[in-house]
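If you want the building blocks of each chain, they are given just below.
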Amino acid sequence: MARTLISAVLAALALVGALAAQVVLAGDAQGYVKAGSRAAAHGACVEPTQYMRRHHMDLIQHQRDATVYQGIRGTRHSLAGCIDCHVGPGSDGHPVAVNAEHQFCRSCHEFAAVKVNCFDCHDGVPKGGPLSESAQSALDAATQQGRGRGNADGSVRSAREGQGQ
Amino acid sequence: MMKHPPEGIDQGRRALLGVAVGVTTAVVAPGLVLHAAALPSAAPPGAQRSGPVTDRVRWGLLIDTSKCAEGCRACVDACDRENGLDLQTRPAGQSGRAWADQKAVWIRKVKLADDLTGRVTNLPMMCQHCEHPPCVDVCPTGASFKRADGIVLVDRHTCIGCRYCMMACPYQARSFIHEVTHDQLTRVPRGKGCVESCNLCVSRRDQGAPSTACADACADAGHHAIVFGDLKDPRSAISQALTGLPNRQLREDLELNTGVRYAGV
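Note that the protein sequences, when read in sequence, are chains A and B. Reminder that position 4 of the first sequence reads as 4 in the working numbering, one-by-one numbering, no gaps. Reminder that position 122 of the second sequence reads as 1122 in the working numbering, one-by-one numbering, no gaps.
Isolated chain A, as found in the complex (with noise of 0.2 Å):
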């Protein structure tokens, strides 16, 4: 009687220590969402939020590739857009890298224990934006002067709002 009682005041207390870590671990994610971040702002990310923790890796990986080979940008998994939502403002205003001490990346990739090697050649905050200004207002003229000619499509906002890689 006294061992089923033992046992089973032992497994109340994993029950509640597993609830109180899914609790501590939960309060953690909620924490790398840096405040102040367009992602701080939207309910989830491009994809449901666990299959983001999971997978986010795998979807860049395959969005570089497409990126690198085959000249696809501005789509949703690009590594820019990551950084674009996911930058947040630091005491002065500016912006601060993902990948700096306490910021989304590093924080959680700290947690994980896993290594992260996007920063070694990309920037941790974004700059320049896909085009620069001079190519911008080329694009711009040479969009105008097709719309002249009735064959271009307007398309200078969804290339303004791309975010390349």
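Warning: the hint list may mix true and false statements.
Said to hold, decoys possible - Partial list, derived from the structure: chain B residues whose beta carbon lies under 7 Å from chain A:
no., residue
1, Pro1052
2, Arg1187
3, Asp1206
4, Asp1216
Claimed, not checked - Simulated pairs of lysine to aspartate or glutamate, EDC-like, Cα-Cα distance not exceeding 16 Å:
no., chain 1, residue 1, chain 2, residue 2
5, B, Lys1192, A, Glu101
6, B, Lys1146, A, Asp65
7, A, Lys127, B, Asp1183
8, A, Lys115, A, Glu101
9, B, Lys1192, B, Asp1155
10, A, Lys127, B, Asp1155
11, B, Lys1109, B, Asp1080
The hints are simulated quantities; they were obtained by calculation from the structure and are not laboratory data. A quick note: this is a predicted structure, and the numbers were derived from the prediction, not measured. Ideal Cβ placement from N, Cα and C applies to all residues, glycine included.
Once you've looked at the hints, dock chain B against the given chain A.
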């Protein structure tokens, strides 16, 4: 004694083969035609690419050296700004001369002087975007590759930094990044241990912009020495200019069929 041909040729067999060929053609041909029709056509100006690059275009440059001014660096400076090359910093303790040799450069201004006649020619040298690029031949990992639209570039995710391509390039067009980099532009990532070179402003190509930074800057400076365009489109400005202007490839003896052509050298 001559051997006689067999008397009765089996006509039934021929008929069967004929029918088989006809049926195969009928089955396969519509597929081919539909496939060709489904390929995306050249994007209108200002359209961001949604499908993969195709070999229906081949990007190239024509450089008219007679219009290239001595001392002008408009194209080099524009390239530096466009591709974040001006953001490179000299490592502490390195001499200015060593840094000038080592830092990444995509366009070099070259001055040719004929000793006999004294004629001086100026020209910008960059990756020549060969049809048969030696850098791609020698790359051990396949990182150096030619995109379908003729742009030769490096997939820095697979580049191991062996610099074999730099040795193979007859135009000395490639640079190696020796130090850890910071503050890269979003459109031009750059990292230690990889090789890079002119990519004909590949992010501009993918966003549908009409020209390259160097060609724009040259036109803005009033020289109009650089023409950018599609070598496969007979109506493009570059094709028209190539038809009208005597021009050549540099080191044509190597038979690389370069995408960058020079007039007046």
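Q.
Does Asp1080 (chain B) sit within 16 Å of Lys1109 (chain B), going by the straight-line distance between their CA atoms?
A. OK: Lys1109 (chain B) and Asp1080 (chain B) at ~13 Å, within 16 Å.
Q: Decide if the proposed pair is consistent with the structure: Lys1192 (chain B) and Asp1155 (chain B), CA atoms, cutoff 16 Å inclusive.
A: Status holds; Cα separation ~14 Å.
**Q.** Pair hint Lys115 (chain A) and Glu101 (chain A), alpha-carbon separation not exceeding 16 Å
**A.** Cα-Cα ~14 Å, so holds.
**Q.** Hint consistency between Lys1192 (chain B) and Glu101 (chain A) [alpha-carbon to alpha-carbon, up to 16 Å]
**A.** violated, 21 Å
Q: Return the status of the interface hint for Asp1216 (chain B): holds when the least beta-carbon distance to chain A is below 7 Å, violated otherwise.
A: holds, 6 Å
Q | Satisfaction of hint between Asp1155 (chain B) and Lys127 (chain A), Cα-Cα up to 16 Å | A | violated, 21 Å
Q. With a cut-off of 7 Å, does the beta carbon of Pro1052 (chain B) approach a beta carbon of chain A closely enough for the hint to hold?
A. This interface hint holds because 4 Å falls under the 7 Å limit.
Q. Regarding the hint that Arg1187 (chain B) lies at the interface with chain A, is the smallest CB-CB distance below 7 Å?
A. holds, 6 Å
Q. Holds or violated: are the alpha carbons of Lys1146 (chain B) and Asp65 (chain A) at most 16 Å from each other?
A. Judged against 16 Å, a Cα distance of about 14 Å means the pair holds.
**Q.** Lys127 (chain A) paired with Asp1183 (chain B) [C-alpha distance capped at 16 Å]
**A.** Since the Cα atoms of Lys127 (chain A) and Asp1183 (chain B) sit roughly 8 Å apart, the hinted pair holds (cutoff 16 Å).
Q: Using 7 Å as the Cβ threshold, decide whether Asp1206 (chain B) counts as touching chain A.
A: holds, 4 Å
The structure shown violates the earlier hints numbered 5, 10.
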